Amino acid sequence: DTGVSQNPRHKITKRGQNVTFRCDPISEHNRLYWYRQTLGQGPEFLTYFQNEAQLEKSRLLSDRFSAERPKGSFSTLEIQRTEQGDSAMYLCASSLDSPNGYTFGSGTRLTVV
Amino acid sequence: AQSVAQPEDQVNVAEGNPLTVKCTYSVSGNPYLFWYVQYPNRGLQFLLKYITGDNLVKGSYGFEAEFNKSQTSFHLKKPSALVSDSALYFCAVRDIPGNTPLVFGKGTRLSVIA
Numbered sequence: 001d002t003g004v005s006q007n008p009r010h011k012i013t014k015r016g017q018n019v020t021f022r023c024d025p026i027s028e029h030n031r032l033y034w035y036r037q038t039l040g041q042g043p044e045f046l047t048y049f050q051n052e053a054q055l056e057k058s059r060l061l062s063d064r065f066s067a068e069r070p071k072g073s074f075s076t077l078e079i080q081r082t083e084q085g086d087s088a089m090y091l092c093a094s095s096l097d098s099p100n101g102y103t104f105g106s107g108t109r110l111t112v113v
Numbered sequence: 114a115q116s117v118a119q120p121e122d123q124v125n126v127a128e129g130n131p132l133t134v135k136c137t138y139s140v141s142g143n144p145y146l147f148w149y150v151q152y153p154n155r156g157l158q159f160l161l162k163y164i165t166g167d168n169l170v171k172g173s174y175g176f177e178a179e180f181n182k183s184q185t186s187f188h189l190k191k192p193s194a195l196v197s198d199s200a201l202y203f204c205a206v207r208d209i210p211g212n213t214p215l216v217f218g219k220g221t222r223l224s225v226i227a
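Residue numbers (our numbering), protein chains in the order written: chain A, 1 to 113; chain B, 114 to 227.
Just chain B, with the same shape it has in the complex:
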């Protein structure tokens, strides 16, 4: 069965500093990996995905993520955090091949302090 772990419930970072939100996954085969962001009382918004190819994936709002197969990780990063990045971030995984639905982590709350 596929699963996702987000080991940090909360990440605090000062505005302008780099940020990292951690994610590790478990699948039986190869993964499709995703990051989503959620603002209060809203649905999830897609940030980026890894399907195949380059391990460094660039997404919306200056975010990027690095796929590391040996460590089964897909950490979300941004070189310089903004206060407006404060939100809830979810990592998700899906097994390849197959039609299994996305499985989400429990989320990490990012707080960027001015």
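The shape of chain A in the complex, shown without the other chains:
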């Protein structure tokens, strides 16, 4: 098991374009989380899944954002009509159903120009 994998590592896109990120969690972890981190800030929660069910969404997650986790394995986060304010590091994490901490991926850095 190689941990949590995120692709791509970097994405540069023009304002108004759509982007999609992928996260492959640790295989036995049933929970998957998406966070966003901007410069000088801690990670901010976006959404999370237990298996394939999306259980919670932050108010930060505007209508332009959508996340899926088909079959309870990998997850995708799509941002439609990107804006410059979407520029950030998008972090994925996974965990088991327990008080254990999360295992984070290395993140996808999005730059909207």
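If you're looking for bench data, these hints aren't it; they were derived computationally from the structure.
Misleading hints may appear alongside valid ones.
Here's a subset of chain A near chain B, in silico, CB distances under 7 Å, partners left out [as the list claims (entries may be wrong)]:
{"id": "1", "residue": "Y33"}
{"id": "2", "residue": "Q41"}
{"id": "3", "residue": "P43"}
{"id": "4", "residue": "F45"}
{"id": "5", "residue": "Y48"}
{"id": "6", "residue": "G85"}
{"id": "7", "residue": "A88"}
{"id": "8", "residue": "L91"}
{"id": "9", "residue": "G101"}
{"id": "10", "residue": "F104"}
{"id": "11", "residue": "G105"}
{"id": "12", "residue": "S106"}
{"id": "13", "residue": "G107"}
Mimicking DSSO-like on lysine-lysine, the simulated pairs with C-alpha atoms at most 30 Å apart in a straight line are [said to hold, decoys possible]:
{"id": "14", "chain 1": "B", "residue 1": "K219", "chain 2": "A", "residue 2": "K11"}
{"id": "15", "chain 1": "B", "residue 1": "K219", "chain 2": "A", "residue 2": "K14"}
{"id": "16", "chain 1": "A", "residue 1": "K57", "chain 2": "A", "residue 2": "K14"}
Here are some, though not all, of the chain B residues that point toward chain A, as calculated from beta-carbon distances under 8 Å [unchecked claim]:
{"id": "17", "residue": "Y152"}
{"id": "18", "residue": "K190"}
{"id": "19", "residue": "K219"}
{"id": "20", "residue": "G220"}
Quick caveat: nothing in here was measured; it's all calculated off a predicted structure.
Here a beta-carbon is modelled for each residue, glycine too, at the ideal position from N, C-alpha and C.
Start from chain A and add chain B according to the hints.
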């Protein structure tokens, strides 16, 4: 609602000296508490956690943290700092019980000077 405060944006310490990175939290019930470290352009790495039991928790790389319920604090400590400890440190909290996601502080940048 749960929240975390890291009152120092930056902590500077000389190599070999003890270090402390401060964290206070707010939850409605009892907390699960965590410390993570982040190196440049990387994700967060788990350092240690407090779930229950002894208030002094030992973690990776010689770090430890002390849970203080009366002061609602969970400060990160290390007896002797290394230059390689220089990084961004995040405290996080989760309420018990429940399935709420971790809430992170805004981070403290630790700089260890040789």
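These are the hints, each one checked on the structure:
1. Y33: Holds - the Cβ of Y33 (chain A) comes within 7 Å of chain B, reaching about 6 Å at its closest.
2. Q41: holds, 5 Å
3. P43: holds, 5 Å
4. F45: holds, 5 Å
5. Y48: Since chain B brings a Cβ to about 5 Å from Y48 (chain A), closer than 7 Å, the hint holds.
6. G85: For G85 (chain A), the interface hint is violated, since the closest Cβ of chain B sits about 18 Å away, which is over 7 Å.
7. A88: Constraint on A88 (chain A) not satisfied, violated at 13 Å.
8. L91: holds, 6 Å
9. G101: holds, 5 Å
10. F104: Holds - the Cβ of F104 (chain A) comes within 7 Å of chain B, reaching about 4 Å at its closest.
11. G105: holds, 5 Å
12. S106: Where the cut-off is 7 Å and the nearest Cβ of chain B is about 5 Å from S106 (chain A), the hint holds.
13. G107: holds, 5 Å
14. B:K219 - A:K11: The given pair, whose Cα atoms are some 24 Å apart, holds under the 30 Å limit.
15. B:K219 - A:K14: The given pair, whose Cα atoms are some 28 Å apart, holds under the 30 Å limit.
16. A:K57 - A:K14: holds, 26 Å
17. Y152: Where the cut-off is 8 Å and the nearest Cβ of chain A is about 10 Å from Y152 (chain B), the hint is violated.
18. K190: Nearest chain A Cβ about 19 Å off; hint violated.
19. K219: holds, 5 Å
20. G220: Hint holds; G220 (chain B) Cβ to chain A Cβ min 5 Å, cut 8 Å.
Going through the hint list in order, the structure does not satisfy hints 6, 7, 17 and 18.
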